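Asks: Build out the structure end to end from the sequences listed, making use of the hints.
Protein chains in written order, with the numbering used here: chain A, 8 to 139; chain B, 2 to 338.
Hints were generated in silico from the structure; no laboratory data involved. Every clue listed holds true.
Quick list of in silico lysine-lysine cross-link-like pairs, DSBU-like style, CA-CA up to 35 Å: (1) Lys-305/B x Lys-12/A; (2) Lys-131/A x Lys-305/B; (3) Lys-88/A x Lys-76/B; (4) Lys-43/B x Lys-11/A; (5) Lys-11/A x Lys-307/B; (6) Lys-305/B x Lys-138/A; (7) Lys-301/B x Lys-138/A; (8) Lys-43/B x Lys-246/B; (9) Lys-76/B x Lys-96/A.
Partial selection, computed: residues in chain A whose CB lies under 7 Å from chain B: (10) Asp-38; (11) Gly-47; (12) Met-54; (13) Glu-57; (14) Gly-91.
Coverage of chain A stretches by chain B, computed from C-beta distances (three or more under 8 Å per stretch; other residues unrestricted): (15) 28-36; (16) 60-71.
A quick note: this is a predicted structure, and the numbers were derived from the prediction, not measured. Note that the Cβ used here is the ideal one computed from N, Cα and C, for glycine as well.
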Amino acid sequence: MTDKKIRVLVAKPGLDGHDRGAKVVARALRDAGMEVIYTGLRQTPEMIAEAALHEDVDVVGLSILSGAHMALAPRILELLKSNGQENVKVFIGGIIPDEDMPRLKEMGITGIYGPGASTEDIIKDVREAVKT
Amino acid sequence: MPLAKSVLEGNRLSLSRLLTQVENDSPEGRAALVALFPHTGKAHLIGVTGAPGTGKSSLVNQLALFYRKQHASRKKVAIIAVDPSSPFTGGAVLGDRVRMRDLSGDEGVFIRSMASRGSVGGLAQTTASFTQVFDAAGYDIIIIETVGAGQSEVDIARLAHTTVVVEAPGLGDDIQAIKAGILEIADVLVINKSDRPGVENTERALRTALGLAHPTKRGFRHHGRPMFIDAPETDSKIWIPPINKTIATDGTGIAEVAESIAKHAAHIRQNGEWSLRDRARLGSELESVLQAELMSQFFKKVQKEKYDEVLEKVIRRDLSPHEAIKILLNGNSDQEL
Numbered sequence: 008m009t010d011k012k013i014r015v016l017v018a019k020p021g022l023d024g025h026d027r028g029a030k031v032v033a034r035a036l037r038d039a040g041m042e043v044i045y046t047g048l049r050q051t052p053e054m055i056a057e058a059a060l061h062e063d064v065d066v067v068g069l070s071i072l073s074g075a076h077m078a079l080a081p082r083i084l085e086l087l088k089s090n091g092q093e094n095v096k097v098f099i100g101g102i103i104p105d106e107d108m109p110r111l112k113e114m115g116i117t118g119i120y121g122p123g124a125s126t127e128d129i130i131k132d133v134r135e136a137v138k139t
Numbered sequence: 002m003p004l005a006k007s008v009l010e011g012n013r014l015s016l017s018r019l020l021t022q023v024e025n026d027s028p029e030g031r032a033a034l035v036a037l038f039p040h041t042g043k044a045h046l047i048g049v050t051g052a053p054g055t056g057k058s059s060l061v062n063q064l065a066l067f068y069r070k071q072h073a074s075r076k077k078v079a080i081i082a083v084d085p086s087s088p089f090t091g092g093a094v095l096g097d098r099v100r101m102r103d104l105s106g107d108e109g110v111f112i113r114s115m116a117s118r119g120s121v122g123g124l125a126q127t128t129a130s131f132t133q134v135f136d137a138a139g140y141d142i143i144i145i146e147t148v149g150a151g152q153s154e155v156d157i158a159r160l161a162h163t164t165v166v167v168e169a170p171g172l173g174d175d176i177q178a179i180k181a182g183i184l185e186i187a188d189v190l191v192i193n194k195s196d197r198p199g200v201e202n203t204e205r206a207l208r209t210a211l212g213l214a215h216p217t218k219r220g221f222r223h224h225g226r227p228m229f230i231d232a233p234e235t236d237s238k239i240w241i242p243p244i245n246k247t248i249a250t251d252g253t254g255i256a257e258v259a260e261s262i263a264k265h266a267a268h269i270r271q272n273g274e275w276s277l278r279d280r281a282r283l284g285s286e287l288e289s290v291l292q293a294e295l296m297s298q299f300f301k302k303v304q305k306e307k308y309d310e311v312l313e314k315v316i317r318r319d320l321s322p323h324e325a326i327k328i329l330l331n332g333n334s335d336q337e338l
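Replies: Right, dumping it as structure tokens:
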């Protein structure tokens, strides 16, 4: 018998090619005992929603450094919802201006992490979000 | 059983959720497997195995693309991609989807990543159950990609109808090719990355190894003189694994691999091995279910304290494991040493 594992999709939507952050987070979540599905660079919102559906994940982590978060995040939330996965918690890491944060939270983004965020905080928040 | 019913109706969210239940061995998952079992037995299970970095995921990607685009009947394809779990934290990074992005947007393809969760044979404990779920859900072809396998991760041969072993140039000399294990289970051999140097050596080593197992008529020069050796009379029913060369990143050679797989499937259907493999697979599944059930019955009868107490004696070398089991199974305290 296995315990229920937390399954996380780490995805990189948009056109920038900086995936170091996504990989560091993927590795940290792995070391926290989670199963991380890593999809690689330049994913469309449709690809991300499809992967979330196939993998039955509890959490989607998006890494966005291109500035396109106000377009990408709502689209991904909408697709998750239309697939019946409105319970999936969505986190964003990357470069997010302070003034966008309240609007992203309002849309339903669970957590937002900028440069210098500690992986311990991310792990703690993911565990907390999945509990509820 | 609502979950099973909606999986049979083709609901992909239910399918995905059921896979999670099965993976966690939950009561709902077990009940659904029972309900789905009568609908299984139709799919062609194709195993893809090989050392890490030989290009298994890229090959699986191309094969699935081929089945979806070039195959006349547009078969539905499921992919189960297994990657290792950490032995220390139980966590995993499942990265096979990175190579399979060409398949996204096609509703006839379903890709599920699996962590091995402590299993050592190249698959996870519940991979066989996953194939049953996909089979019942109407997927015609189920491709199972194993953990990057070394030499003895050969569980896939017990699960799949056709096992594809992927090699790449530069991974070892001809001694590797005559060792027991992974090469023996190949029904189809693929030399991927065949644009790399050293591909002739890899091919020669594999041909030699296969030639030892399945001798054919050969000509060569011995001290400068041509010599021919006739193959011994063999049963023409024997399947000799074909060697296909591919470049999975651009799709070169994929049609040939698909053809070899189809030929192998036709061959084993015709000679009765298809049903023998089904029999072996279900036999070993029955055995592992039995083992799990006996274990759980045992732990219902024997208290944890008693078990720990006996284990303690084994650790102190007062008892050998064999003696300990006798005591535990008889359950008599008066037999205590």
